[in-house]
Amino acid sequence: MDLLRFITAGSVDDGKSTLIGRLLYDTDSIKVDQLETILKQSKNKSEGEIDLALFTDGLRAEREQGITIDVAYKYFATEKRKFIIADAPGHIQYTRNMVTGASNSDLIIILVDARLGVIEQTRRHSIIASLLQIPHVVVTINKMDMVNFSEEVYNTIVADYSKMADMLKITDVTFIPISALNGDNIVNPSINTPWYKGETLLNLLETINISNDINYEESRFPVQFVIRPQSEDLHDYRGYAGKVLSGTYKKGDVVTILPDGIDSTIKAVEVHGIEVDEAFAPQSAVIRLTDDIDINRGDLIVKKSNILKVSQEIEATLCWMDNKPLVVGNKYLLQVQSKRVRCVIKEINYKLDVNTLEKQEQFDQVGLNDVVHVLIKTASPIAYDSYNTLRANGGAILIDETAHTTVAGCMLS
Amino acid sequence: MPQHTLNYLDLLEAESIHIMREVAGQFERPCLMFSGGKDSITLVQLAMKAFKPGKIPFPLVHIDTGHNFPEALEYRDRMAQEMGAKLIVRKVEDTIKARGLKEAGGKFPSRNALQSYTLLDTIEEFGFDACIGGARRDEEKARAKERIFSVRDEFGSWDPKKQRPELWNLYNGMIAKGENVRVFPISNWVELDVWNYIKREGIELPSIYFTHEREVIIHNEYLVAMSEFVRVDEGDVIVKRNVRYRTVGDMTCTAAVSSTAATIDDIIKEIQLTNISERGETRIDDQVSEAAMEDRKKNGYF
Numbered sequence: 001m002d003l004l005r006f007i008t009a010g011s012v013d014d015g016k017s018t019l020i021g022r023l024l025y026d027t028d029s030i031k032v033d034q035l036e037t038i039l040k041q042s043k044n045k046s047e048g049e050i051d052l053a054l055f056t057d058g059l060r061a062e063r064e065q066g067i068t069i070d071v072a073y074k075y076f077a078t079e080k081r082k083f084i085i086a087d088a089p090g091h092i093q094y095t096r097n098m099v100t101g102a103s104n105s106d107l108i109i110i111l112v113d114a115r116l117g118v119i120e121q122t123r124r125h126s127i128i129a130s131l132l133q134i135p136h137v138v139v140t141i142n143k144m145d146m147v148n149f150s151e152e153v154y155n156t157i158v159a160d161y162s163k164m165a166d167m168l169k170i171t172d173v174t175f176i177p178i179s180a181l182n183g184d185n186i187v188n189p190s191i192n193t194p195w196y197k198g199e200t201l202l203n204l205l206e207t208i209n210i211s212n213d214i215n216y217e218e219s220r221f222p223v224q225f226v227i228r229p230q231s232e233d234l235h236d237y238r239g240y241a242g243k244v245l246s247g248t249y250k251k252g253d254v255v256t257i258l259p260d261g262i263d264s265t266i267k268a269v270e271v272h273g274i275e276v277d278e279a280f281a282p283q284s285a286v287i288r289l290t291d292d293i294d295i296n297r298g299d300l301i302v303k304k305s306n307i308l309k310v311s312q313e314i315e316a317t318l319c320w321m322d323n324k325p326l327v328v329g330n331k332y333l334l335q336v337q338s339k340r341v342r343c344v345i346k347e348i349n350y351k352l353d354v355n356t357l358e359k360q361e362q363f364d365q366v367g368l369n370d371v372v373h374v375l376i377k378t379a380s381p382i383a384y385d386s387y388n389t390l391r392a393n394g395g396a397i398l399i400d401e402t403a404h405t406t407v408a409g410c411m412l413s
Numbered sequence: 001m002p003q004h005t006l007n008y009l010d011l012l013e014a015e016s017i018h019i020m021r022e023v024a025g026q027f028e029r030p031c032l033m034f035s036g037g038k039d040s041i042t043l044v045q046l047a048m049k050a051f052k053p054g055k056i057p058f059p060l061v062h063i064d065t066g067h068n069f070p071e072a073l074e075y076r077d078r079m080a081q082e083m084g085a086k087l088i089v090r091k092v093e094d095t096i097k098a099r100g101l102k103e104a105g106g107k108f109p110s111r112n113a114l115q116s117y118t119l120l121d122t123i124e125e126f127g128f129d130a131c132i133g134g135a136r137r138d139e140e141k142a143r144a145k146e147r148i149f150s151v152r153d154e155f156g157s158w159d160p161k162k163q164r165p166e167l168w169n170l171y172n173g174m175i176a177k178g179e180n181v182r183v184f185p186i187s188n189w190v191e192l193d194v195w196n197y198i199k200r201e202g203i204e205l206p207s208i209y210f211t212h213e214r215e216v217i218i219h220n221e222y223l224v225a226m227s228e229f230v231r232v233d234e235g236d237v238i239v240k241r242n243v244r245y246r247t248v249g250d251m252t253c254t255a256a257v258s259s260t261a262a263t264i265d266d267i268i269k270e271i272q273l274t275n276i277s278e279r280g281e282t283r284i285d286d287q288v289s290e291a292a293m294e295d296r297k298k299n300g301y302f
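As you go down the protein sequences, you meet chains A and B in turn. Counting from 1, position 257 in the first sequence corresponds to residue 257 in UniProt numbering; the numbering is continuous, with no gaps. Counting from 1, position 68 in the second sequence corresponds to residue 68 in UniProt numbering; the numbering is continuous, with no gaps.
FYI, nobody ran anything at the bench for these hints, they're computed from the structure. Zero decoy hints are in this set.
Straight-line C-alpha distance at most 20 Å; calculated DMTMM-like pairs for lysine to aspartate or glutamate:
| hint | chain 1 | residue 1 | chain 2 | residue 2 |
| --- | --- | --- | --- | --- |
| 1 | B | 162 | A | 401 |
| 2 | B | 49 | A | 278 |
| 3 | B | 52 | A | 236 |
| 4 | B | 97 | B | 125 |
Some residues of chain B that are not near chain A, with every Cβ distance over 10 Å (derived):
| hint | residue |
| --- | --- |
| 5 | 85 |
| 6 | 87 |
| 7 | 99 |
| 8 | 127 |
| 9 | 129 |
| 10 | 155 |
| 11 | 198 |
| 12 | 200 |
| 13 | 216 |
| 14 | 229 |
| 15 | 261 |
| 16 | 265 |
All C-beta atoms in this analysis are idealised placements derived from N, C-alpha and C, irrespective of residue type, glycine included.
Work the whole structure out from these sequences, hints included.
Below, the structure written as structure tokens:
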């Protein structure tokens, strides 16, 4: 049994929380006592029926205001797969939360209200899915009950969305007509949509192939920690602990240590203290080398045949996540995997309108939730990949030097 | 081409080990909160695997409320010794005396709130900059929104509105003096994952997780262990039952469940079939208000 991480994009009005509530409820993932709490709250809000949306709002302010503010993680499992849902708010003022939730997702469910069709919000969510390179997109056309389960309405939305997906270079899209409220095509096929021959949402989530999403050709291993027991029997032991981000590593592989560019050969690969033939993504492992060289946290071990960028000037797309605006010339810390270096934002090339994908060269300032394309200069060379070619090693964060807050998520290019 | 498949336990384990190593790499004085409960036992197992063949590069810390199950304490001491790990124990009792704190009182006096004082004192005493804890996001709604690296101010407060965005597998553990980070490596595990992992790894557990006969007070459908810490009132129904603990906290605020589960397999079967959540069934202290956990966390609780 494997694990699928997905994000749901949409707002309360689109029925996003209802959809998640439905998935949890129909897979028996909600316990009786949790249900009773929800029933009590549903009555407090005097909405009569059980409000499935209440399953997902964790903080008091959210319950009081009936909105989702922060990313919440929900868990459920079927016999075929385990699931982690990143439940992120969909309004434009919460773009940073959606970007956060999207960063770890294998799949995104984009909710479209059948009555409204493809709207600005749909476009924004799709642009974010494309920026964050989420491998699989599922467009659920919700509230089909309110358009009499019309095939025509469905087809029009599919055609509209497909056009946009082409433009955004989103390749893997599946469409499903649903009613989250009534459960049509969520777990069981709906009798109301005889014209729909595709899978139910749960069936799709259970069976979609995600094993091809990992790149096994390019090998990346950032060193997190150096293990040196210095005990009598392990006097000379020196192991580099890290996570295989992509690719594979085995004994005898010729590797290069970046950013310095020193070559060495793998003496042994260990997983949890046991020597193995090969470690592969996304395993946590320990690599030992034949040569005694100075390797520290932040260094990257790659296969010699693999080529990646080593540079002090990096172009990147940033999603700004701080209340303080981004200032050109300001210094920040750039964290790429376990490497953290000082950097300066040299220039802002353009601001991206996440509703239209339009590049704006004229703008006042870069504030919370803005997406911009910038040039970063780092204090020392960084070994990295382009996010679009190797998602696992192309993401980075910017940290405020004095406040220590995470101020931006970066897709390196 | 060889098969590169990992099952969900391998994937969760790899993620948790990555987090453990980030703690060791990013902080100067981390510690691991170890109570002898199943979640913190899982953490210790993950920490051992993360740094093999070396030892765990940080001490284990237990905040002893004085209301702990003796079986859990015995297990705690034995495990720490077997692993050769450094164990630091600080007692809530001592904090109560030193600071003149007022106990909660009542029928089942909880030291849950007072625990935070001892924890903060311990953090200050040793200068801990990161405390690894076994909280899981599936436990409770406020937990579902907490980051894996959760920054606390010098009062230990959690401010949900000031949480740092956490993207990809990049964790920002930068803090100012006085602040500390609570780290939750098994955030993405659910109760059943913990049990399946314990089974797979062959981890030993304190005996109270398995069925045993115990004298309990039946209170609002909860079975609370008889102990010197609870107040027995006239008319209390005290019976002997075959019970086990689904979660291990204080004797005064953790309820037992009726069970005949004698092995890990029995327990897994029982949890698969139950229609009540872990906290709902066992944590008397969460029933006070819907936001009970959220409020405690704001006051420095884990």
